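Undergrad: Input sequences plus hints: build the corresponding full structure.
Residue strings, one per chain:
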Amino acid sequence: MIGVLKRAWDNFRGSGEAAVTVPPMDGALRPNRLLEEAPVVATAEAPDDLADGGRGVVFSSGSRLCRLTPEGGETIADLGSGITAIAGEPGGRLAAALASGSIVVMDGAGARTSIASLGDGPARCVTALAFASDGGLLVAQGSAKRAHTEWKRDLMERRSDGTLWRMAADGANQTRLAAGLGWPLGIVETQDGRLVVAESWRHRLVSIAGGGRPEPVLADLPGYPARIRRDPAGGYWLALFAPRNQIIEFVQREPAFLARMIEEIDEAYWVAPSLKPSSTFLEPLQGGAQKHLGILKPWAPTRSYGLVVRLDAAFRPVASWHSRADGTRHGVFSCLPDGDRLLAASKGGDVIVEIRPGFMTTSGAT
Amino acid sequence: MASSETWTRWRYRYIPDKFVGEILSKSWIDTLIPVMILAGVVTVFSIAMPGFLAASSLSDIARIYGEYLIIIVGITVVMMAGGIDLTVGSTFALCNLVALLVINSMEVNLALGIPAVMLVGGLVGLINGVLIGYLGMRAFLTTLVMLILIRAVVDQGLLDYGQVIARGFNASATWEFMAIGDVFGVPSSLVVAVVIAIVGHIVLTRMRFGWHVSAVGGSRRSAYNAGIRVKRTICATYVLSGLLTGLAATFYAARMSSASADVGKGLEVTMLTAAVLGGISLGGGRGSITKAVIGAMIVLLVQNSLIRMGLSSGTSSLVLGLLLLAAVAVDVRWVKNRHKVLARAYVSPTYFRLPPLPETAAGSDSDYALNDKLRGVEAIGLGELDGPEDVIFDQNDNLYCGSRHGDVIRFFAPDHKRWEVFAHIGGHPLGFAFDREGNLHTCVGGMGLFRISPAGEVTKLSDETNRSLLSIVDDSRLRLADDLDIAPDGKVYFSEATVRYEMYDWMVDALEGRGNGRIICYDPKTNSSRTMLPDLQLPNGICVEKGGQSLLFAETWGCRITRWYFDGPNKGRKEIVVDNLPGYPDNINRASDGSYWCALCGMRAPVFDLALRMPDFRRRMVRKVGRDDWLYPNMNTGCVIKFDADGNILDVLWDLGGEAHPMITSIREHKGWLYLGGIYNNRVGKYRIPGADPNWTSLDDYWGERA
Amino acid sequence: MPAMKLLKAMAAAAVLTAATGAAVSEPYDDGQSKTYYETVKGKKVAFVPLSMGFDLTEGWNAGLQNQARALGYTVEVRDPNWNVEAGVQAANGFIADKPDVLILHPLDQQAYNRVVPRALAAGINVIQINMKSVTNGDAFVGADWYDLGVKQAEAVVAACGKDSGKNGKIAIVTGQAATPTIVIGNMAFDDVFGQHPEIQIVARQSADFDPAKAQAITSTILKQNPDLCGIVGVWDGQDSGTAAAIREANMQDQVFFVSSGGGSKAAACDNIENGSFDAYVSYDVPGQARDLNAALKILLQTKPEPGSNPFALYTPLKVLTKDNLTPSSCWKLEELKAMGG
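Chains as they are written, first to last, in my numbering: chain H, 820 to 1185; chain W, 198 to 904; chain D, 3 to 343.
Honestly, the hints are just simulated from the structure, not real lab data.
Since the model is a prediction, treat every value here as computed from it, not as a measurement.
There's no promise every hint is true.
Computed cross-link-like contacts, DSBU-like style, restricted to lysine-lysine with a CA-CA straight-line distance of at most 35 angstroms [stated by the list, open to error]:
#1 H:1116 with W:839
#2 W:537 with H:1116
#3 W:883 with W:570
#4 H:1110 with W:883
#5 D:339 with D:45
#6 W:839 with H:1110
#7 W:868 with H:1110
#8 D:100 with D:299
#9 H:1095 with W:868
#10 W:883 with H:1095
Footprint (simulated), chain H over chain W, 3 or more residues, beta carbon under 8 angstroms [said to hold, decoys possible]:
#11 804–812
#12 832–839
#13 871–884
We put the CB at the ideal spot given by N, CA and C, even for glycine.
TA: Okay, here's the thing in structure tokens:
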């Protein structure tokens, strides 16, 4: 009863759950052009995830697994199906999740193990992988019902049936650590062994402690968090693949319009977050994005953005790298510390760039 | 179509939501609140007291009301100038005393007595005025101190002359008339008060002094900078208040002949309550005599009713005090939030359904298939221009275009590199057309229709049309004259995009999806304009056809081009020429081969088309989402189409990605080239038309070769 | 269950009332009594005091209500709270309601000048109580202020005049200048003191019927005139302030203070007993209440053409001092409420 009243009141006031306000990018998140101007290390079609498998950096692009070389990238394997997440271990093991519904684990010698099931279903819609410090595998499943390609619809409907699993590297001993997550898109293990998950649709990072409810460690992000990586020198790196936008939050709360939009309009033209800057007039335009004197303003409202954030050990943002509305390096899903540099893969910009944050130490790089 | 959509369509056709916002945007809306309070007061007391509205009690109240009204006109002027006059209570008592002494006891002639009493009030006002206006003392404290000072003077006067007054009696007929006389049943004091209120209203709204008062109250510094003598204006308001209080006191003296010590006690609070209840802002600058009239009525009715209901001592003051508190609270909140409420309520979306979006994909066999013909067109005035909405050429090939700075720019032939300001109008010139004599006609956003002679003299032709009967917004004013063309007989047909939005809000009109615009005809013979076609969806480009009896007009939000016969056998007929365009048509102009060019200033997006069918969605969007984040038609890409008189699409020119011309609002063919204008662009584009007649000019096409 | 009990009790009461009603339904008619009762029954009387909440008006009202209850008519009161303007509005409101008799207690001699004729013209009989506007109504009930002034002045002359051996310096602390009390009373003072040149009026100030103001004024007067012999007050409500100032200055023995008023125990007798007032002219409110009721009964029965034949019932005045004080000299409101009128 109170819940109903609260919802009605929130609806009237535009507060609480009904609020379409978006946290501002300020403080450590103040916009700049550092990501837009960062040097390119490789161009690839829609690079998604990055991993360090002990023998250099590996990235995924479509169904291909590539190794980063000074010249760009070289394909090391084509897995035959879209790769949705990868993870590496200093020991040389690599894991890759496939859209077709399995997880492939390769050891340093090239031997492959395939994990086909997750819980009592196929291992589909895996959104993030990570090796735990004990050598086990951590798997995040975006949705128990939807395929990975349907992420936009899942986001617009604000579903939360994602799960988090722990298993041995061969797929045995599967344990569900958490359920009811809003599209977990990144996993990281902290120094003290806690697990922190990027709950993308809820714009927050949550800590998963044995059996308890997910505890937010960083909430109200101005974008949708994707992969999170621990920096050997301390702190974390978080990629946000798209910005939050008032009109999107608003449409999410308009069930009639949302249903018709999903029903009648091509997904590419939805009012929904996007990985690339708008390229066709068929995409929706917001008033502030109107070009004046031929120029799209960097502060224009936008559905795509590039953002990499540095977090301290307590998950507080301390610095950020941006590609704004007028830029192209949008849709950054993953970043990876590599020596004294940070690699960031822009899926919308088709590039992998390197950032050299001045304060990063070189010690402990692998 | 789903049944719910049918329902939506009918609901939005027959329930005119837009009136709410339009009424809220009226300046008299502030008066609505006190009127509603008044209605409430009348209702409550009519129920509580049978006979409340009986004629006998009304005439009794009316007499007191007359006195209140005279005082409150003065207070209103003081408050409009940002001041406050608490002295009225004591001034009233002083003037009452003087009136009784001079007129009642000494039996001085009224013609001398009344001005003398008013002068006493004026003198008190003058002291206030000098202290506050010239010495810059705080109005509240100064008049409060004066209230106490004058009261002391009154008390002394009562002691000295109280007995003299109590014995006196002026038996003159005029004095008797002031006390109990009436004109056709209206009490004498009210007759005088009504005259004063009317004069006050005219002075405040129509005359220099009133404007100065409002300006000073609105912003003292700005008024000073504008050259208004602030000190003198402020001083004058207090003198006026004093004079009027004196006059009211004379009526009171005649009616009551009472020199008791409590005359005028608490009157300042009563008057302040009345003024604030009426909606006269304590902050100054906002208010009107009408509001004062209503406020005084509310307060008097409440006071009188409480007395007549026999409530115990002190209740009346308590109720009045609470009313004042409530009124001040409402005043503060209303002034603060009015604009927010208005901004949210004004946009009033309605149902509009466009046919399915035509295919535009490159390589498809669609008429509108994407191409790159406009990439790399030459640019004129790149970076020097701001908003050349339309482009036109004179007989010497000089190029004219408008600019956001309110100028008409002339680029000199043949290379169009050198330019000058041809004429300054002050508003953003949009559409252009030349008449037979070589005068340049232009529609200026926010100003109207203007003519510029070849020598550069600017003449205003029209800035108003006939007012429609049922329109709440004043649609006689031209808000956004857009494009025009001239018929062979010299009549100018021009479009007004919308009557609900100002120049720089024209895109918001797209969110409504209603026909808010119209086509107007200016007749040079009568020098007047009349609306010909109302309720069009942002009518934009206008092009008179070669036959001279019809014209083509584009409705931007309707995505269609229509032919309308203004003369000849088919006069009055309308027929759609091109329907269901993939974008939003803007200006239309003639092409050398007898067909027409039309600029599409923006393109339709599926999401926006869907939103047009869901007006509730758009209304909630306007209320909840920040303005910059609203969904709009996509105006970042434009194209040019060529069509013939039967509506066949002959050609389409695209600038994919909008690198050079994100938005094309106009096109003009001239000697084998096509020139492109855009209201948000910083250049005029120049495109070589393959195979076009290199000697064809629009001017000749309209008016023939010149000798 | 208490609700049921209550209901039963009420039912019983109703039966009882009905029975008694039946028992007295046919009273003895002595030839006039029946008409008397029938005439006054159901009449409407309106009363505009200058304010409720002090002994005079409360006393009168107690009397009025007692009789109204006994005879079955109504007395409606509207309280203008010392405000002349409100009083006039209240009176005009009553005139619109057309009561049978309108009782006015005018604060201002002039302000009601137009109200009285208006009520008369509307066919309403008018009684003015204790203070009288210049115009006559049908009846006046109250003190003769001239007589009262003379009595007060004479008391002071006796205390401070030629034969007393005092210096003859006196002060007058008067009230709101426009009230009939003050206007007429001042004339009486002037006339009496005019015959006694040894009396010297050192101060004459108005305290507007406000005891606090009276106290302030008196203490100033006493400071300026330490040898003052006597003070004339005008109304006990205000004079309590004057008395307090005298007491504060510790000059009770030196200053002879004469007051006047309605003679309630708290305002008059107590103050005489404790020496605050040296003499007090009482116009005896219970007597006035009775006179008022009498005037009312006369008007209700005879129904004269309004204003045609004005009459007056002047109150006999009593001069009270410590020496002639008896337990019945004063009255109490509770008693008056219980059985007055």
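Undergrad: Now tell me if each hint is right for this structure.
TA: For each hint, the structure was consulted:
1. A threshold of 35 angstroms between alpha carbons decides the hint, and for residue 1116 of chain H with residue 839 of chain W the separation of about 32 angstroms falls inside it, so the pair holds.
2. As the CA atoms of residue 537 of chain W and residue 1116 of chain H are separated by approximately 26 angstroms, the hinted pair is consistent with the 35 angstroms bound.
3. Of the supplied pair hints, the one linking residue 883 of chain W and residue 570 of chain W holds, its CA atoms being roughly 12 angstroms apart against a limit of 35 angstroms.
4. Of the supplied pair hints, the one linking residue 1110 of chain H and residue 883 of chain W holds, its CA atoms being roughly 20 angstroms apart against a limit of 35 angstroms.
5. Annotation: proposed proximity of residue 339 of chain D to residue 45 of chain D holds, straight-line Cα distance about 21 angstroms (limit 35 angstroms).
6. At roughly 25 angstroms between alpha-carbon atoms, residue 839 of chain W and residue 1110 of chain H fall within 35 angstroms of each other, so this suggested pair holds.
7. For the hint linking residue 868 of chain W to residue 1110 of chain H, the alpha-carbon distance of about 31 angstroms falls within 35 angstroms, and the restraint holds.
8. For the given pair, residue 100 of chain D sits about 18 angstroms from residue 299 of chain D by alpha-carbon distance, which is consistent with the 35 angstroms threshold.
9. Distance hint between residue 1095 of chain H and residue 868 of chain W is unfulfilled; the C-alpha atoms sit about 42 angstroms from each other, more than 35 angstroms.
10. Pair hint residue 883 of chain W plus residue 1095 of chain H holds up; C-alpha atoms about 32 angstroms apart against a cutoff of 35 angstroms.
11. Residues of the segment 804–812 of chain W with a Cβ under 8 angstroms from some Cβ of chain H number 5, which satisfies the need for three, so the listed coverage holds.
12. Counting residues of the segment 832–839 of chain W whose C-beta lies closer than 8 angstroms to any C-beta of chain H gives 3; at least three are required, and the coverage claim holds.
13. Under a criterion of three residues with beta carbons nearer than 8 angstroms to beta carbons of chain H, the stated coverage of the segment 871–884 of chain W is upheld, 4 such residues being counted.
In this structure, only the earlier hint numbered 9 is contradicted, and the remaining ones agree with it.
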